[in-house]
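Chains as they are written, first to last, in the working numbering: chain A, 1 to 354; chain B, 355 to 752; chain C, 753 to 837.
It is possible that some hints are incorrect.
[Unchecked claim] Per the computed footprint, the stretches of chain B lying under chain A, defined by three or more beta-carbons under 8 Å from a beta-carbon of chain A, are:
no., segment
1, 356-367
2, 467-477
3, 501-513
4, 734-744
Hints were generated in silico from the structure; no laboratory data involved.
For each residue, glycine too, the CB sits at the ideal point set by N, CA and C.
The chain contents come next:
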Amino acid sequence: MSGCYINGIATITAQPTTDPNNFLEDVIAFDEVIFRATDPDYKAYIKPSAMRRMSKSVKMGVTTSKIALASSCIEMPDAIITGTGMGCKQDSEKFLEKILHNDEQFLTPTLFIQSTHNTVGGQIALGLGCKAYNVTYVQGAVSFETSIIDAHLMLSESPEKNILVGGIDEIAKNSTLLHTLDGHIKNKNINVLDLLDSNSKGTVCSEGATFVVLGSERKENSLAKIVDIETKNAATPDEIKKDIEKFIDRQGLSINDIDAIVLGNNGDIDFDHYYKNLQNSIFSEKEQLCYKHVIGEYHTASAVGFWIASKIFETNKVPSVLKVNNISAQNHKNILLYNQYRAKNHSIALLQRC
Amino acid sequence: MSKGIAITGMGIISSIGDTVEDNFHALRSTVHGISRIEFLETKHKDAIMVGEIKKTNKDLENTLGLPAINSFSRTAMIGAIAAKEALDNAKIDSIDKYRTGFVSGTSVGGMDMTERHYLKYHEIKENRRYIEAQHAGFTTESISNYLGIRGYVSTISTACSSAANAIMLGARMIKAGKIDRIVVGGTDALSKFTINGFGTLMILSDEECTPFDENRKGLNLGEAAAYLVLESDEIVTKENKEVLGRVSGWANANDAYHQTASSSDGEGAYLAMKKALEVANISSEDIDYINAHGTATPNNDLSEGVAMTRIFGEDTIPTFSSTKAFTGHTLAAAGSVEAVYSILSLREHLIFPNLNFQTRMKEFSLIPQTELISKEMKTILSNSFGFGGNCSTLIFTR
Amino acid sequence: MAELREELKEKIIEQLSLEDIEIGEIGDDDPLFGDGLGLDSIDALELIVLLEKDYGIKLKDPKEGKAIFESVGVMADYISKHRTK
Chain A
1 MSGCYINGIA TITAQPTTDP NNFLEDVIAF DEVIFRATDP DYKAYIKPSA
51 MRRMSKSVKM GVTTSKIALA SSCIEMPDAI ITGTGMGCKQ DSEKFLEKIL
101 HNDEQFLTPT LFIQSTHNTV GGQIALGLGC KAYNVTYVQG AVSFETSIID
151 AHLMLSESPE KNILVGGIDE IAKNSTLLHT LDGHIKNKNI NVLDLLDSNS
201 KGTVCSEGAT FVVLGSERKE NSLAKIVDIE TKNAATPDEI KKDIEKFIDR
251 QGLSINDIDA IVLGNNGDID FDHYYKNLQN SIFSEKEQLC YKHVIGEYHT
301 ASAVGFWIAS KIFETNKVPS VLKVNNISAQ NHKNILLYNQ YRAKNHSIAL
351 LQRC
Chain B
355 MSKGIAITGM GIISSIGDTV EDNFHALRST VHGISRIEFL ETKHKDAIMV
405 GEIKKTNKDL ENTLGLPAIN SFSRTAMIGA IAAKEALDNA KIDSIDKYRT
455 GFVSGTSVGG MDMTERHYLK YHEIKENRRY IEAQHAGFTT ESISNYLGIR
505 GYVSTISTAC SSAANAIMLG ARMIKAGKID RIVVGGTDAL SKFTINGFGT
555 LMILSDEECT PFDENRKGLN LGEAAAYLVL ESDEIVTKEN KEVLGRVSGW
605 ANANDAYHQT ASSSDGEGAY LAMKKALEVA NISSEDIDYI NAHGTATPNN
655 DLSEGVAMTR IFGEDTIPTF SSTKAFTGHT LAAAGSVEAV YSILSLREHL
705 IFPNLNFQTR MKEFSLIPQT ELISKEMKTI LSNSFGFGGN CSTLIFTR
Chain C
753 MAELREELKE KIIEQLSLED IEIGEIGDDD PLFGDGLGLD SIDALELIVL
803 LEKDYGIKLK DPKEGKAIFE SVGVMADYIS KHRTK
């Protein structure tokens with residue numbers, strides 16, 4: 001069976017993660033529950049004429065896809081697969097508000113055209129002139145993972161392909177704020193670095209884009225191997241524990257072989273027990289890393305877990321801000337990722353040094 | 355020729371019927387579902403024609419037996435109705451007996467609820483259960499919860515090719531042994547958002563749409579949900595299942611031409627059809643009938659027509675029709691609505707007509723099938739194209 | 753008329769987010785589409801709404817726009833003849 005290797009990766013998050021020399025060493029401490037991405041200079045990546053209609057998510061997506069392609073030395077991918085929980089929410093929200101406030105009159109097409117979920121994938125294809133397979137997944141917190149599953153499947157069908165896969169989500173002013181009303185986002189601002197110990201309901205919200213270039217063969221610039229990945233829509237904490245055990249077993253490995261676990265804890269007292277149940281049992285003796293108190297929560301935030309694991313393999317360093325227990329692994333070989341959002345959209349992935 | 359993936363169930367609700375058999379009856383009797391808007395509140399009520407499902411949200415809630423306090427959007431409700439019919443049709447009563455997944459295409463998701471409540475969430479607390487409906491994935495989860503599918507669940511949103519891509523993904527996953535059976539299709543309800551959106555593009559017709567006609571004025575929006583159940587051959591053999599047809603070819607390509615418009619040479623559509631024939635391992639002569647995307651916009655029908663002539667040759671094009679004059683353009687659901695119609699065509703040996711066609715387009719000699727005819731068919735090709743250059747083709751066989 | 757032309761240039765830049773273009777760079781007779789300003793079919797639809805919203809001119813068929821939006825000068829002529837507000 002052919003493999004699935006990450007041959008290039010880039011991420012824009014609330015932290016300055018496009019700086020190749022800063023692996024979360026200097027982090028920004030946010031003190032609001034909704035905080036934006038740290039923008040790179042988009043003009044360095046996108047022509048002004050192309051940029052004039054682009055919303056934030058398109059800019060973030062196009063930029064990270066370009067960096068990832070460049071780092072993998074691939075000019076033209078053989079497929080573009082994007083995941084997004086919210087889609088192009090900013091333009092969608094603006095168009096909706098115009099409909100509602102102007103009584104369905106004087107509406108212009110640009111916002112509508114840019115509002116569809118597949119705008120980022122379409123814009124990347126348009127920019128590259130890429131006529132290959134192009135799909136967008138929109139499944140909450142597994143939007144990125146279902147995209148990876150499709151790519152994984154495609155590499156088993158056509159091992160010669162190089163596949164561009166990404167996850168993108170942006171904050172939209174009012175639509176994001178609505179989630180402070182339904183309890184998804186905390187009602188009071190907090191020091192985000194203390195998010196995991198917040199002991200309150202809801203989480204914080206941010207935005208970002210992560211793109212990877214996947215290929216079936218290990219190359220000199222390969223960063224990690226995605227051994228396997230699975231998603232599950234609904235499960236109890238104990239079912240997840242069993243699923244993870246079965247998942248590891250299926251790879252011919254045991255818990256002992258796992259060097260570190262990267263978890264999606266987001267400080268929501270109602271749902272973090274999915275993680276705690278693992279932290280206090282099968283992974284109690286393992287290095288445990290969390291990242292949402294650094295980059296925030298959004299539907300494709302879990303893609304940053306892939307970036308973190310890849311960076312650990314690349315640099316052999318673990319940023320201290322991510323560590324949530326006292327166990328430190330050396331020379332990591334296997335890193336397991338688990339994420340969920342509000343008891344739904346669970347994902348398990350195993351990344352291996354290559 | 356590839357054997358293809360077994361289709362063992364299908365379900366549909368559209369403006370021409372609440373079930374597969376109702377849809378079939380309407381198609382056979384050439385009764386379309388295009389009318390003025392009755393239920394959706396919009397300023398454009400009298401300016402456009404649509405394919406509306408003539409049921410209130412209350413009717414749909416009753417059909418599903420939902421509690422009075424629920425968070426189902428209209429898109430989720432019609433989706434649940436069609437997906438349930440598909441599971442029943444496949445005689446599946448125990449979901450957990452095999453690894454079962456669900457892939458649904460949608461473009462607007464729960465927008466019908468978002469646009470209704472958006473400005474009043476601050477005042478009206480009890481409506482806040484609909485806030486999550488602004489995420490398309492929530493619509494899919496409402497349906498998967500209703501069906502009891504807890505494993506692999508995903509949503510594809512590639513505008514008007516969404517359901518076709520969902521069917522393609524399901525077929526690929528079964529072929530690779532990643533899953534044993536999967537419910538695939540799409541759902542989209544009418545919303546102010548889409549009516550106004552397509553309105554800004556000036557491609558909505560104020561009359562019944564006329565696909566592939568020289569004087570076509572644009573599309574009629576429609577609402578629908580349709581799903582297929584795909585199962586592995588192991589299950590088919592083990593459970594002695596009736597196979598309704600097979601998905602034997604599929605492909606997705608991008609036009610990479612413009613964010614919304616299709617290229618004049620139909621390159622994306624051409625590539626999708628070409629690759630789908632390769633996956634099915636057949637040649638263009640093996641296609642007995644094409645269920646075209648045929649939205650009746652000036653741009654689509656020209657681009658698709660050119661692509662068809664490139665694949666099949668202008669003088670040797672198989673019988674083709676667009677069924678959108680029956681249902682309207684049901685956006686993300688179109689691919690699965692037309693998949694159900696393609697299976698019905700194979701089952702009944704009937705080609706459903708391209709209604710309202712009068713004048714041949716000046717750019718080529720293509721004339722769609724305008725009357726209901728009987729024809730022995732083995733292989734049908736179905737196209738679905740969308741914004742973002744997304745072009746998908748599916749091939750169905752008996 | 754000169755005033756209307758300047759007004760149009762300002763509105764075009766704003767409506768179409770032509771952030772890096774100055775009013776002075778758009779000549780009265782420069783073609784707006786193709787080789788000139790490089791506008792496309794989506795921009796044409798935006799301009800149709802601009803005509804309706806600001807000048808009360810309603811175009812039924814997007815194809816009519818082609819001739820009207822040839823240049824700022826042509827647009828200004830058309831508007832001054834047909835405006836209802």
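query: Do three or more residues of the segment 356-367 of chain B come closer than 8 Å to chain A, measuring C-beta to C-beta?
result: Coverage by chain A is violated here, the residue count being 0 at a Cβ distance below 8 Å.
field: Coverage criterion applied to the segment 501-513 of chain B (partner chain A; beta-carbon cut 8 Å; 3 residues)
entry: This one holds; 11 residues, not fewer than the three required, reach chain A with a Cβ under 8 Å.
task: Go check the segment 734-744 of chain B versus chain A for me, would you? Three or more residues, Cβ under 8 Å, otherwise it fails.
output: Holds: 5 residues of the segment 734-744 of chain B have a Cβ under 8 Å from chain A.
- request: Count residues of the segment 467-477 of chain B with a Cβ under 8 Å from any Cβ of chain A, then say if the count reaches three.
  value: holds (count 6)
When the structure is compared with the earlier hints, a violation turns up for hint 1 alone.
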